[in-house]
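Those sequence lines, one after another, are chains A and B.
Heads up, the first sequence is in full-length UniProt numbering, so the first residue is 1 and it goes up one at a time.
Heads up, the second sequence is in full-length UniProt numbering, so the first residue is 1 and it goes up one at a time.
These aren't lab readings, by the way, just hints derived from the structure by calculation.
Check each hint, because a few of them may be wrong.
Unchecked claim - Some chain B residues near chain A, calculated using beta-carbon distances under 10 Å:
(1) H78
(2) A91
(3) V205
(4) H207
(5) E275
Claimed, not checked - Just a few of them, taken from the derived set where beta-carbon distance is under 8 Å, the chain A residues facing chain B:
(6) G40
(7) M53
(8) G65
(9) K66
(10) G70
(11) H74
(12) P85
(13) F91
(14) L94
(15) M101
(16) G174
(17) V175
(18) R180
(19) D182
All values derive from a computational prediction rather than experimental measurement.
Where is the CB? At the ideal position from N, CA and C, for every residue including glycine.
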Amino acid sequence: MSALLEVKDLHAGYGASRIVRGVSLSVEEGAGIVLFGRNGVGKSTFMQALMGMVTPSSGQVLLAGKQLAGRPAHEIAKAGLAIVPQGRRLFPDLTVQENLMLGIRQTPKGWTLDTLYELLPRLAERTAQPAGLLSGGEQQMVAIGRALLRNPSVLLLDEPSEGLAPRIIAELAGVLRTLRADGLTVLIVEQNLKLGLTMSDHVAIMDVGKIVHESTVTEFRRSPDIARRYLGVI
Amino acid sequence: MNPNMYVRWAIRIVIIVALALAPFLLNTFRLSLLSEILILGLAAVSLSVLVGVTGLPSLGHAAFYGLGGYAAGLLSVHATDSAILGLLVAAVVGIIFAIPAGWLSVRTTGIVFLMLSLAFAELLFSLSQSLRWLTGGSDGLAGIRNPVLLPGIELSTVPSRYYYIAAVVVVVYIMVRRFVDSPFGHALSGINSNALRMDALGYNVSHYRRVAYSVAGVVGAVAGALNVQNARFVAPENFGFMTSAFLLVMVILGGVKRLHGALAGAAILVVARDELSSRFDSWELGLGLILVLVIYFLPGGVASIVERIAAPFKKRREPRATPLGTDESVVSR
């Protein structure tokens, strides 16, 4: 199967700080890749560089063969990448529905508000409520819903479980598994190993701005020393 | 319709009835003041679209106010005294200026945008002084006739001009309100809140800011035209720094985040000027004091008073957050 998203030797950072140092990664259509790594190794900067929120200094980001590196974020979003940013990043003064509508990109066959509310019925009950008054779990659902309404080719999720209670993470995992089962291509950065592994088929590990390990989830599970070495998991 | 909507409609109806009855309740001088409040309020509303909705702080909004004024004034002197044509020409002139100025300005934000906006207004101020053959220079443009609403309906009295001004301000305010409440307006709020996030959602931030700049410019120019049709005089001071500064003060007094706050801010400023200038030499000192007090005690502006009063009642009606996601703990691996 050909790679839908291909990243080649991507470098990015802030000013003189080089954070992402030559990352190469392929994401095939329909695949789910989880990117693990300790805090501060450059995972979020990598995701932001993919989205054009941080301008890469060199390298390539190809989505279905189309070069995206260096393009403005809104063009990358229109090309088919969508991100659920770390910390949800909703607009607290806007209602749930207004937040969701900011994400709408009409496609002939794709997510609409109606189909989204079927997936996330709790949001349908709270359409008129300001997003800032929602609980953390509900806010995460709005952030995911907003990204889905862009009907992306590849969905990027940056630590979706951050700050959520275990019970809520289980609910979140259920939603993400449904999306994966529907064939959505996902690249997820996650600190929660269990969540990351249950919704992916490939694992990549980042350390000091580089990918230091790539394998299938099955191979990763069979090699506990990898998690121990790079992630400090005992 | 929920109870909030009933309250809102009741307030709207009370305002419309009060505006309609004002000529019967106020003397000519007070009615002139009310006309001025409405005109300056509309100019402040247009600035609020930039400052409050889009997050672009302008200290040169008088550029549009003055341009609209000169456009309406010159039309009246040289061509026609049609009131509606005066507004339309002002709007066209406003957008002709807003397109290149916006293209240059919205690439910047914050203090740089503020200084650019000031520079544009000062440029027009200087031009209005130097192009004496066209503008009358520092003496101002004389010979502006009473506006004519329809053939035979000349707005020659204070009440007739007041009704015309009130009608235009209400209609334009509703249009601006609808613009701000539209998905486009929500996108502007999003850009104000976090431009990079909106960029990543697929929004061309510069394009949205340019449109907001143009809308603010057109409405500001219409307000400027109304002012000249009412006062039948326009001078370089309409472009002046003080005009821009007062408009910004109105927005801050009323509440940056609330469109209707700009109208309240205009009312406070005009009334304060009227009341204080008759008692003190430096009425601006009193205005400064009011501004400090509002910023210190009412950071949301005077328009937030209503919301503060309504807040306890509102809280009682709002549904409680469901157990979904209570953030009570950090996840263990």
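Against the structure, the hints:
{"no.": "1", "hint": "H78", "in the structure": "45 Å, violated"}
{"no.": "2", "hint": "A91", "in the structure": "29 Å, violated"}
{"no.": "3", "hint": "V205", "in the structure": "7 Å, holds"}
{"no.": "4", "hint": "H207", "in the structure": "9 Å, holds"}
{"no.": "5", "hint": "E275", "in the structure": "35 Å, violated"}
{"no.": "6", "hint": "G40", "in the structure": "17 Å, violated"}
{"no.": "7", "hint": "M53", "in the structure": "5 Å, holds"}
{"no.": "8", "hint": "G65", "in the structure": "20 Å, violated"}
{"no.": "9", "hint": "K66", "in the structure": "15 Å, violated"}
{"no.": "10", "hint": "G70", "in the structure": "14 Å, violated"}
{"no.": "11", "hint": "H74", "in the structure": "5 Å, holds"}
{"no.": "12", "hint": "P85", "in the structure": "7 Å, holds"}
{"no.": "13", "hint": "F91", "in the structure": "5 Å, holds"}
{"no.": "14", "hint": "L94", "in the structure": "6 Å, holds"}
{"no.": "15", "hint": "M101", "in the structure": "6 Å, holds"}
{"no.": "16", "hint": "G174", "in the structure": "12 Å, violated"}
{"no.": "17", "hint": "V175", "in the structure": "11 Å, violated"}
{"no.": "18", "hint": "R180", "in the structure": "20 Å, violated"}
{"no.": "19", "hint": "D182", "in the structure": "22 Å, violated"}
The structure fails hints 1, 2, 5, 6, 8, 9, 10, 16, 17, 18, 19 (numbered hints given earlier, in ascending order).
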